[in-house]
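Build out the structure end to end from the sequences listed, making use of the hints.
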Amino acid sequence: MAITALAVLAIGLLAGGVSSADPSAHAARRVLHLSGTARLHLTKKSGNVLYEKGTATGTLPGTVTARFVTGIAKVTGTVTFRPYSGGSLTVTAVGYPQSAATITRFNGSLAVRKGTGRFRHALGSGSFSGTANRKTWAITVHASAKITY
Amino acid sequence: MRRRPRTGLALVGLALLCAAGGPAAATAAAARHRHREPVRLAVRFDAGARLGGATAVDVLLRLDLRRLTRAPLTEVRFAYPSSLGIVSSGLGLATCTRPASDFVKVLIVAPPLGGCSPNAVMGTGTAIALVRLTTGQEIPEYATVTLLSGAYAQGRLGLVVYVDGQRPFGAKLAFAGDVRDAPRPYGGALAVRLPPAPSLVDLATISLAELHLVLGAHTIRYYERRRGRRVAYHPDGIALPPACPADGFRFRTWMRFADGTRRSATTVTACPPAAA
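Which chain is which? The protein sequence lines are A and B, in order.
Here the numbering used here is used: the first residue of the first sequence is 1, the next is one more, and so on.
Here the numbering used here is used: the first residue of the second sequence is 150, the next is one more, and so on.
It is possible that some hints are incorrect.
[To be verified] Below, in silico cross-link-like pairs of lysine to aspartate or glutamate (EDC-like), each with a Cα-Cα straight-line distance of 20 Å or less:
(1) Lys135/A <-> Asp385/B
(2) Lys321/B <-> Asp251/B
(3) Lys321/B <-> Glu287/B
(4) Lys135/A <-> Glu290/B
(5) Lys44/A <-> Asp385/B
(6) Lys321/B <-> Glu290/B
(7) Lys321/B <-> Glu224/B
(8) Lys321/B <-> Asp351/B
(9) Lys321/B <-> Glu359/B
(10) Lys74/A <-> Asp330/B
The set of hints was computed from the structure by calculation and includes no laboratory data.
This is the structure in structure tokens:
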């Protein structure tokens with residue numbers, strides 16, 4: 001479950017995207033369609049909280065760190081993407097597990113709430129899906145999102 | 150002359166303190182009150198448990214049958230603190246599924262764990278139940294209990310409780326349940342439904358007297374394939390948070406009986422020391 005949430009977050013940030021200038025944007029705000037895949041591994045487990053890190057490929061390749069709070073019906077979390085190209089994006093995610101198997105599938109939604117550098121004014125939303133290994137808490141997340149920044 | 154009233158007040162104060170007994174007496178009174186409760190719950194962590202580490206969770210539920218309704222128990226819920234890593238524990242990696250008909254009958258013959266994978270085991274323990282025959286005879290039955298993870302559906306993790314009677318009857322029973330969200334300060338609740346077995350209705354009623362269940366018990370063994378070989382390992386226990394909740398780890402049980410009676414009990418487990 002936690003894995004699901006993490007995956008969702010990771011996906012949102014990593015989801016590779018195609019950044020493009022939005023002609024209708026005001027004050028030079030740009031629209032970026034992100035899509036990509038994040039692969040995370042567990043770094044620490046503390047009570048019902050999982051800490052993970054990994055890498056993202058796709059529109060914004062880079063590194064990813066995440067904190068997931070596990071629950072029965074859902075996992076919530078915060079995921080931060082740090083693209084190799086600079087800046088960072090922080091996403092909140094809510095994921096829902098689909099099974100209780102060792103490799104469980106999950107899906108959910110994400111919201112881009114803050115960032116740094118060129119993404120300091122980033123806002124957006126998206127969705128994700130993925131798998132989590134409940135023994136190792138290795139997570140793979142595929143995400144897509146649309147952000148303005 | 151002025152000192153006498155002050156002395157008198159002091160004496161009155163002392164007398165009140167003595168009568169009240171101070172904090173120690175209050176604690177003792179609370180303990181005595183708990184002992185009078187018909188339902189008592191106690192939860193312990195491992196002796197060597199540390200905050201931020203993993204532990205088994207030892208749950209002991211006792212029912213004073215002399216002070217409870219004679220109607221059979223139909224549902225038990227056990228709520229645990231939100232900060233406990235039950236979901237993140239890695240317990241219950243396999244899914245135990247039983248036909249619905251198994252939950253309403255006494256199983257005459259059943260394989261170990263009711264035929265479920267050992268990787269579905271989340272907890273083990275024992276139970277004592279009082280079998281009240283319609284003839285009026287009352288016989289205690291001793292059983293082992295295994296908590297297994299079931300299928301995940303609609304935001305709830307299914308549970309199967311497999312009861313293996315040891316003596317004198319040796320009845321085998323399976324009960325269905327689930328792990329569901331619970332209101333704060335609880336993070337979730339294990340719920341088990343105990344419908345009466347139709348084959349027993351005219352013969353006896355079974356009243357649970359004691360349930361001792363260890364979640365994440367150290368005796369649990371899971372199996373995995375490594376380089377083509379089946380290797381046993383002990384799954385991680387239940388992760389404790391790095392800091393203690395302000396009022397300790399609070400647990401609660403609710404139970405419902407066939408005549409509509411409800412009972413509950415709470416307990417607070419002291420904080421283990423922090424990791425060095």
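Item to complete: With a cut-off of 20 Å on the C-alpha distance, tell me whether lysine 135/A and aspartate 385/B pass.
Response: With a Cα-Cα distance of about 9 Å, the restraint between lysine 135/A and aspartate 385/B holds, given a limit of 20 Å.
Worksheet item: Would the pair lysine 321/B and glutamate 359/B pass a check requiring their Cα atoms to be no farther apart than 20 Å?
Response: Holds. Lysine 321/B to glutamate 359/B sits at ~17 Å (cutoff 20 Å).
Discussion item. Check whether the Cα positions of lysine 74/A and aspartate 330/B lie no farther apart than 20 Å.
Written reply: Within the cut-off at roughly 9 Å; holds.
Fill in: Straight-line alpha-carbon gap lysine 321/B to aspartate 251/B, limit 20 Å
holds (10 Å)
Discussion item. So if I understand the rule, the pair passes when the alpha-carbon distance is 20 Å or less; does lysine 321/B with aspartate 351/B pass?
Written reply: Measuring from Cα to Cα gives roughly 18 Å; hence the hint holds.
Worksheet item: Holds or violated: are the alpha carbons of lysine 321/B and glutamate 287/B at most 20 Å from each other?
Response: Roughly 19 Å between the alpha carbons, so the hint for lysine 321/B and glutamate 287/B holds.
Worksheet item: Between lysine 135/A and glutamate 290/B, is the straight-line Cα distance small enough, at 20 Å or below?
Response: violated (37 Å)
Discussion item. Between the alpha carbons of lysine 321/B and glutamate 224/B, is the straight-line distance 20 Å or under?
Written reply: At roughly 18 Å apart (the allowed maximum being 20 Å), glutamate 224/B and lysine 321/B satisfy the hint.
Fill in: Restraint status (C-alpha distance of lysine 44/A to aspartate 385/B at most 20 Å)
holds (13 Å)
Item to complete: Quickly compare the C-alpha distance for lysine 321/B and glutamate 290/B to 20 Å and report which way the hint goes.
Response: The hint holds at about 11 Å.
Hint violations for this structure: number 4 only, all remaining hints satisfied.
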